[in-house]
Structures are given as structure tokens and as C-alpha cells.
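The lines below spell out each chain.
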Amino acid sequence: MPRVAIDVLLKRELLDPQGRATERALPGLGYDGVSDVRIGKHLELDVDAVGEALDALVEAMCAGFLTNPVVETYRWRVIADDERADAPATR
Amino acid sequence: MTARVGVVTFPGSLDDRDAATAVRIAGGDAVALWHEDDDIKGVDAVVLPGGFSYGDSLRCGAIAHLAPVMAAVARFAAEGGPVLGICNGFQVLCEARLLPGALLRNDRLRFVSRPVGVQVERTDTPFSAGYAPGQRLVLPVKHGEGRYVADESTLDELESEGRVVFRYATGENPNGSARDIAGITNAARNVVGLMPHPEHAVDATLSEGTDGLAMFAGLLGSLTSVR
Chain A
1 MPRVAIDVLL KRELLDPQGR ATERALPGLG YDGVSDVRIG KHLELDVDAV GEALDALVEA
61 MCAGFLTNPV VETYRWRVIA DDERADAPAT R
Chain P
92 MTARVGVVTF PGSLDDRDAA TAVRIAGGDA VALWHEDDDI KGVDAVVLPG GFSYGDSLRC
152 GAIAHLAPVM AAVARFAAEG GPVLGICNGF QVLCEARLLP GALLRNDRLR FVSRPVGVQV
212 ERTDTPFSAG YAPGQRLVLP VKHGEGRYVA DESTLDELES EGRVVFRYAT GENPNGSARD
272 IAGITNAARN VVGLMPHPEH AVDATLSEGT DGLAMFAGLL GSLTSVR
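Order-wise, the sequence lines are chains A and P.
Heads up, the first sequence is in my numbering, so the first residue is 1 and it goes up one at a time.
Heads up, the second sequence is in my numbering, so the first residue is 92 and it goes up one at a time.
What the hints contain is simulated information worked out from the structure, not anything from laboratory work.
You may find that some hints are simply not true.
[As the list claims (entries may be wrong)] Pairwise CB distance ranges (calculated):
| id | chain 1 | residue 1 | chain 2 | residue 2 | range |
| --- | --- | --- | --- | --- | --- |
| 1 | P | ASP247 | A | ARG24 | 47 to 55 Å |
| 2 | A | ARG38 | P | ASP120 | 28 to 36 Å |
| 3 | P | ARG270 | A | ASP81 | 35 to 43 Å |
| 4 | P | SER298 | A | ALA80 | 53 to 61 Å |
[As the list claims (entries may be wrong)] If you only want the chain P side, here are some residues facing chain A, beta carbon under 8 Å, derived:
| id | residue |
| --- | --- |
| 5 | ARG150 |
| 6 | LEU200 |
| 7 | GLU236 |
| 8 | VAL240 |
[Said to hold, decoys possible] Lysine to aspartate or glutamate pairs mimicking DMTMM-like chemistry, simulated, CA-CA at most 20 Å apart:
| id | chain 1 | residue 1 | chain 2 | residue 2 |
| --- | --- | --- | --- | --- |
| 9 | P | LYS233 | P | ASP271 |
| 10 | A | LYS41 | P | ASP294 |
| 11 | P | LYS132 | P | GLU170 |
| 12 | A | LYS11 | A | GLU72 |
| 13 | A | LYS11 | A | GLU52 |
| 14 | A | LYS41 | A | ASP86 |
| 15 | A | LYS41 | P | GLU236 |
| 16 | A | LYS41 | A | ASP7 |
| 17 | A | LYS11 | P | ASP242 |
| 18 | P | LYS233 | P | ASP198 |
| 19 | P | LYS233 | P | ASP147 |
| 20 | A | LYS11 | P | GLU236 |
| 21 | A | LYS41 | P | ASP147 |
| 22 | A | LYS11 | A | GLU23 |
| 23 | P | LYS233 | P | GLU299 |
| 24 | A | LYS41 | A | GLU83 |
| 25 | P | LYS233 | P | GLU263 |
| 26 | A | LYS11 | P | GLU243 |
| 27 | P | LYS233 | P | ASP294 |
| 28 | A | LYS11 | P | ASP198 |
| 29 | A | LYS41 | A | GLU23 |
Even for Gly, the Cβ is constructed at its ideal location relative to N, Cα and C.
I would like the entire structure built from these sequences, with the hints used as guidance.
Structure representation (C-alpha cells):
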């Protein structure tokens, strides 16, 4: 079953106070040269569909429920097991 | 006959009892509505109360607006029935697209819980009819995600159509809301959402004052006048 990863951010023109606070904290920790920090959401789900049916289902879920198009944008992709954000670290 | 005002309880609603009490103090009958109900028991108006429905999962109001009772509330609103969303209720109305825009994290990331000055901009809704135009109120706010946002064209439309009903007093915007907007109405003017809590300001023995009472009294007055 395909595993779908969805990344969600606030629209670019909207203030992201979490991103701003984080960005302001970085220089104090010695991390210089970092700007435009935006913090959003990462969703992963198994979806029992393939091809166009998968596309249509994921798009419908994203636009209608998983994100709020009034304030958020998103990208999604099908990922492999080792691309899961919770995949065990490999060394 | 006494007007009947439905107050919806979602899992995680906090202010449903205060809203019901406010309705009673104003002289109405409060009718408890449950999120799993398919109908709204023939009430004359609906209040969506504050709280953290469904634990604010996904987004504030995102799950609640899909509850069975909300389909009935949406039908009621489409027929012109008065609907008031307070705080989380405002968030639910925005998620349900019964009101435009959305409510995001406060600009300073802090949960704010204090009285704020609120100006009544419009008195031509059932929920602001009990006030005088321009009246200055003090109402409590208590929210972490109350920053009202909408795109510029929507904000311009709200302004030009006189749909900004309540505005934070100058210098008192507690959350970074666009254009100091505290509460808005829909095009038909029967649905109102606001972040401040009128239902917490209805009892003179408590410290929050009584500036919220006219929101409920005005509603009951407008319900009586159309009968």
C-alpha cells in the first residue's frame, strides 16, 4: 500500500510566529546565516489506492480536510519505507 | 413564548455551561445540543461555545465542523437562522466556511487571558443589536489561536460591506488579528463569530463585568421582534 507524505506550511504571505521565534533563537546558539524559517506539519499515511485514484483521493483529502486552503499550502509525494520521517537512523 | 437558544457541546467544549447560563440570565431558554445530534431540536438560535473541541486536533475547529450537528447548524444558517460562534465556535465557523478567513496562532505565541477593550462596529446583526453603534465594551479573551487572517481582498470586502462587527480597541489587539478584527458576520448577517467571550461577562457579582449580556439580550429581542 503506498505511503503518502504530506508537507504543510502556512502561506508565504502569512506571519509564522513559531518560525520567527525559532529564527531569532538560532544566532544565540551560534547558528548564523539562517533565515526565512517556516514551521509547518508533516503527515504520513498509508493509502489503499494507486495511480489516478490515489492522486484524486489524496488531493481531495488535502484540500477538503487535512489542510485549510485559506491559510495553508501543501505538497505530497509517495515515499519508500526508508524515506519515512520516523525511519530508524542508518549509520 | 420564550425564545429557545441551542448551545452545542462538542467533546472538549468548555464554555457551553456559561453560554447556557448567559442565555438564561438574558431571559431565554437554553437547549443543550450534542455534537452527535442530527438535528437542532427546533431552536430559534444556536451558540457554538468556546473550548478545545476534539483537543484542537489537526487545526482548531477542523474536526468539530464535521460533526453531525454541524450539518444541521449549516442548514439552519442557510435558512437565515442566527448562529453565534464564540472563540472555538468562531474557529469552527471559519473551518465550516460559514465565515471567511481563519484563526491562527497569536502573533506573540502566548496564550492571552485578560479583559480587552472591544468596539461595537455594527449593530445590524442579531448578536450586536443590543448595543449602541460605537459602544466600547470590555470583554475577556482567553485563547492561543485567535489571530484573525484573511486575504486582502476578503478583508476589503468585509470592511466595505460593513461585516466587521467587533473590533479590538486601538492598542488592545491581543493576538495580531488583521485590522484589529475581533468579530465578523456573513453576507446575510445572521452568522457572527468573535474571539472575546460575552458569556463570561454577564454576572455583576463576578469580576468580568456585564458587557456581554446585551449580546444575548439583543438576540432575544431580535427573535421576539420577528415573531
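Hint check:
| no. | hint | in the structure |
| --- | --- | --- |
| 1 | P/ASP247 with A/ARG24: 47 to 55 Å | 32 Å, violated |
| 2 | A/ARG38 with P/ASP120: 28 to 36 Å | 48 Å, violated |
| 3 | P/ARG270 with A/ASP81: 35 to 43 Å | 48 Å, violated |
| 4 | P/SER298 with A/ALA80: 53 to 61 Å | 58 Å, holds |
| 5 | ARG150 | 6 Å, holds |
| 6 | LEU200 | 5 Å, holds |
| 7 | GLU236 | 11 Å, violated |
| 8 | VAL240 | 6 Å, holds |
| 9 | P/LYS233 with P/ASP271 | 16 Å, holds |
| 10 | A/LYS41 with P/ASP294 | 42 Å, violated |
| 11 | P/LYS132 with P/GLU170 | 15 Å, holds |
| 12 | A/LYS11 with A/GLU72 | 5 Å, holds |
| 13 | A/LYS11 with A/GLU52 | 27 Å, violated |
| 14 | A/LYS41 with A/ASP86 | 14 Å, holds |
| 15 | A/LYS41 with P/GLU236 | 16 Å, holds |
| 16 | A/LYS41 with A/ASP7 | 6 Å, holds |
| 17 | A/LYS11 with P/ASP242 | 10 Å, holds |
| 18 | P/LYS233 with P/ASP198 | 14 Å, holds |
| 19 | P/LYS233 with P/ASP147 | 15 Å, holds |
| 20 | A/LYS11 with P/GLU236 | 17 Å, holds |
| 21 | A/LYS41 with P/ASP147 | 14 Å, holds |
| 22 | A/LYS11 with A/GLU23 | 17 Å, holds |
| 23 | P/LYS233 with P/GLU299 | 12 Å, holds |
| 24 | A/LYS41 with A/GLU83 | 16 Å, holds |
| 25 | P/LYS233 with P/GLU263 | 14 Å, holds |
| 26 | A/LYS11 with P/GLU243 | 13 Å, holds |
| 27 | P/LYS233 with P/ASP294 | 18 Å, holds |
| 28 | A/LYS11 with P/ASP198 | 15 Å, holds |
| 29 | A/LYS41 with A/GLU23 | 17 Å, holds |
Checked against the numbered hints given earlier, the structure breaks hints 1, 2, 3, 7, 10, 13 and satisfies all the rest.
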